[in-house]
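Novice: Fit chains H and X to the given chain U structure using the hints.
Protein chains in written order, with our numbering: chain U, 78 to 383; chain H, 94 to 537; chain X, 2 to 295.
Wrong hints could be hidden among the right ones.
[Said to hold, decoys possible] Pairwise CB distance ranges (calculated): (1) LEU38(X) to SER288(U): 22 to 32 Å; (2) TRP82(X) to LYS350(H): 40 to 50 Å; (3) ASP520(H) to PRO223(U): 32 to 42 Å; (4) LEU94(U) to LEU187(X): 36 to 46 Å; (5) TYR146(U) to GLU71(X): 58 to 68 Å; (6) GLY515(H) to GLU80(X): 37 to 47 Å; (7) ILE37(X) to ARG97(U): 27 to 37 Å; (8) GLU532(H) to TYR146(U): 11 to 21 Å.
[Unchecked claim] Here are some chain X residues the structure puts well away from chain H; computed CB gaps all over 12 Å: (9) LYS24; (10) ALA27; (11) ALA30; (12) LEU44; (13) VAL61; (14) TYR91; (15) LEU106; (16) GLU185.
Hints were generated in silico from the structure; no laboratory data involved. Cβ atoms here follow ideal geometry from the backbone N, Cα and C, with glycine treated the same way.
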Amino acid sequence: MEAVKSISHRSSKRNSLERRNTLRAYAFLLPNFIGFLIFTLIPVVCAMLLSFVEWDSANPMVFVGLKNYARILKDETFMISFWNTLYYTIGTVPLTMVCSLVIALVLNNKLKGIKFFRAAFFFPYIVSMVAVAVVWNMIFHPTMGPVNSFLMALGIENPPGWTASVEWAMPAIIFASVWRQMGYFMVMYLAGLQGIPRELYEAAVVDGANSWQKFKNITLPMLTPTSFFVSVMCVINGFKIFDMVAVMTEGGPGRATNVLVLHIYNQAFLQMKFGYAAAVSMVLLVLVLSITVIQFKGEQKWVNYM
Amino acid sequence: MLSKCFKVISLVLVLSMLFAVVGCGAKTASDQPAQKTESTEKAKPADKPAEKVKIKWAVWDYSLTADYKDIIEAFQKENPDITVEPLEMSNKGYDDKLTIMLAGGDETDVIAIKEMPAFSGYVAKKQLMQLDDFIAKDKVDMAPFNGITENIKIDGKLYDFPFRSDFWMLYYNKDIFDKAKVAYPSDDMTFEQFRETAKKLTSGTGKDKTYGTFIHNWKSCIINWPVADKKGTLIDGKYDFIKPAYDIFLPMQKDDKSYMSFAEAKTSSAHYRGQFESGKVGMVIMGSWFVSSLINDKKDGKHNVNWGVTKAPHFNGSKPGTTFGNVTGNAINAKAKNPEAAWKFVKFMGTEAGATIMAKRGSMPAYRTKNVVDAYKGLQGLPEGMDKALETASVALEFPPSKFSAALDKMLQEEHELIMIGKNDPDKGIASMNKRAQEIMAGN
Amino acid sequence: MNSTIISQKKENQTSFFIKEKSKQYALKAASYFVLILTSLAVLVPFLWMLSASIKLDNDVFEFPVRWIPENPRWENYKEIWEILPFSIFYKNTAILAVTITVLSLITSSLAAYAFSKIKFPGRNAIFICYIGTIAVPFQVYMIPQFIMMRKLNLTDTLLSLILLQSFSAFGVFLFRQFFISIPEELSESARMDGLSEFGIYLRIILPLAKPAIATLTIFQFVFVWNNFLEPLVYLTSTDKKTLQLGIRMFMTQYTADYALIMAATVVSLIPVVILFFSMQRFFIEGIATTGIKG
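Looking at chain U on its own, in the form it has when it is part of the complex:
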């Protein structure tokens, strides 16, 4: 009797708790959400709606339905930049993730000069883009650059032209991007590593686990939320690649490194086709969101498992 009473009491308590939780959650969200809604979400949605109109940024808009989307399918430069973007993303994401994780693991040890080493790997991210472009182009200089000098020393007679060749410009940009980003995500991984409770490792040592087992069974799983963040941001940065291409090749030679955001920019600001540019970015958005949702589902499983 007593017990039943207390259970029913508890369940009604739980309902009101849920409602209170919701209110609390909204209170926590509010300061950020208001600003986010007004200054980001609404302009973004406005821009997305532009994909259904023709607009040159001054004359009145003309509603054209799905015409902009239909045009995408016939746009040769879109297809080129779409594949280039995909190529770039597939090239950079795994490489960046592995490099940044390895560096973070190495630099998470007690070493003399650790601060210096961490800074060294982070600096590529803050170096001026002009310096990045100049130096990486020099590294890839077709005849006198260190990369090709090395390749020629190995006996390769016709080393690639890198940024001045259609086939090799994209790999060159991928290398440069991984170099630039890895220190950035290293910081994220370092933060993630700090969050792993030390008891887990202590228990593993008692069980006689070796380094590799500790890494595989503790570090990697415990880093899942960080890895999720890094992978989502890498994918988004990959699909949104603009800066690196703009300074290193401007999309060239020809259209060999033209990427989606460059195409969007050209359509909007050079050709005044803001509607069409919005339609292309809609494609970008759908692509990124679907990949993110898939990753998100994976992460949800992990969180529930915790």
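Specialist: Frame of chain U, contents of chains H and X only:
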């Protein structure tokens, strides 16, 4: 979870759509009266007519261009009731920023026009005022512009009042010529002779490498020479006429190796100024703006090149002094708060008064009366040959205004690169240019 | 006899230990060598920037690179202050970077707490909305956003950039990922002790999230400090400009003085470097808890 996701997203979409209709939609119809003025709390001349009129002038590189400060000073002296406030923007991203500002209904009075492609866009968007009525009213003598104002008219109307007009000529390093025992270039040189000369000047390897010439990575350095000959323009959509340029410059790159290859110049970020001023190249064909950098840099001790200048080379059969160039001017915003005062400034800067000030600073004014040219020739540090170089037979416009300018410009640069790195031969490249131009001009 | 065997064994053992130890030292030396080499390699563009900043402009693109210029031009560092009002740019950038970083730390951590520690309807959907906006390139929505800011009369003010960047979806995402990994039991036991939800956020979660706070501080500060596009769009008058806009002023239409640009960039990066070093202690605290090296 997904269905919930869609519910919330669609809710947000609907809400934002409402907002969009109220927000963006109403604005673009542009039929509502200009509401709240620009954020700057400065002067609202409409309220206080008796006081000074303030006009805003959007321009790039203001801080580092001495001419502009002189001109504003002189203008304000002559018109004490008007003050000019320069809005300085960076050269890079200038037109992007203007596009955004104008889309937002900005009321900046005077807008400096940097490039024809973007300019064509502003006119198409009805963001600039046509100037013919002003010109007619003030009876401005347009003859000293030597016809360049005709070239930049759109549908027979002038929107851009030029103040600078640069054209391309040949700069050479006398010491390199002397060392190679080659006669200085004459003012009547064909491209074949240019090629021969460049070949003779090329010598050395590694650090001592001297190249006959330097070709900057702009497409105009090559494909604009047939344009100078008026065989066609870059907005025609048919580009077979530019082939003779490739017939000269590609063998120079591939066989003579008399200039740093396109690929190497690009990867080593070589710039014509650094190359010429460090004494590594014998000749550079470049715009007249280079004159004042060479003079000023020499004055600042940044280089010690014994340089000369003469007319640019020409194709066999055309007159010496056949060249091309580009125009820089001012336009008046269609939403200008003070169009009358703005016009006063535009006129001042573009005609005799402004032109003389610019000439004294070493810039090439568009408005060239005898006085102005004399002021230019009085410049300290001008090399010999300048008199001859200034006598042009004809100056074609680098890129005429057209609503396809921007797209064609980009396309030509892309295809040009592929030809220069040897990916496409000129015939294939030009065929591709023609094909893509048709698509651009049809697909609008 | 017995004792000799034992002593021999001992000797063997000690020599084995010595061998082990010297092997370890060798390994350590080798790994240091590799680490120094790679970090120098990674730093090449940075070193190029330093070297270019004390060159004469015409020597900047000299190829092959001369790393230590014959006549270093330290005047470059003086000139940049004389040519442009650099101190104003510095001040503006500092105001923006500090305000935006502090505001986004506060707002994002609050929102992230809701996303990771409280269950409420629509949580995942709103979260996906947040991530979605990160995926849209700024070039697409800058015009609608600019029109809106103009209607609010905020263009050409530092406030416009503060409002645009202080509610970053990025920060929310970053904090959420970190909060998730903080065990739920900690919050539960605090709730048992009668701590309010805000109390848990303030007393339990935030102190544990120091590495995440340090990370977002670095990321957000660097982002604002080096940001170019948004300031380009929103700031016009010279007295409102930021460092990145100021540095671009050295790149004029026909020439760019790269030596001055590099000197200006080096000067502009000093606060970022200081910040990075000072934030590092938050990554060292947990050193004992991790260390997979074992």
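Novice: For which of the previously enumerated hints does the structure constitute a violation, in increasing order of number?
Specialist: Going through the list in order, the structure violates hints 4, 7 and 13 and respects the others.
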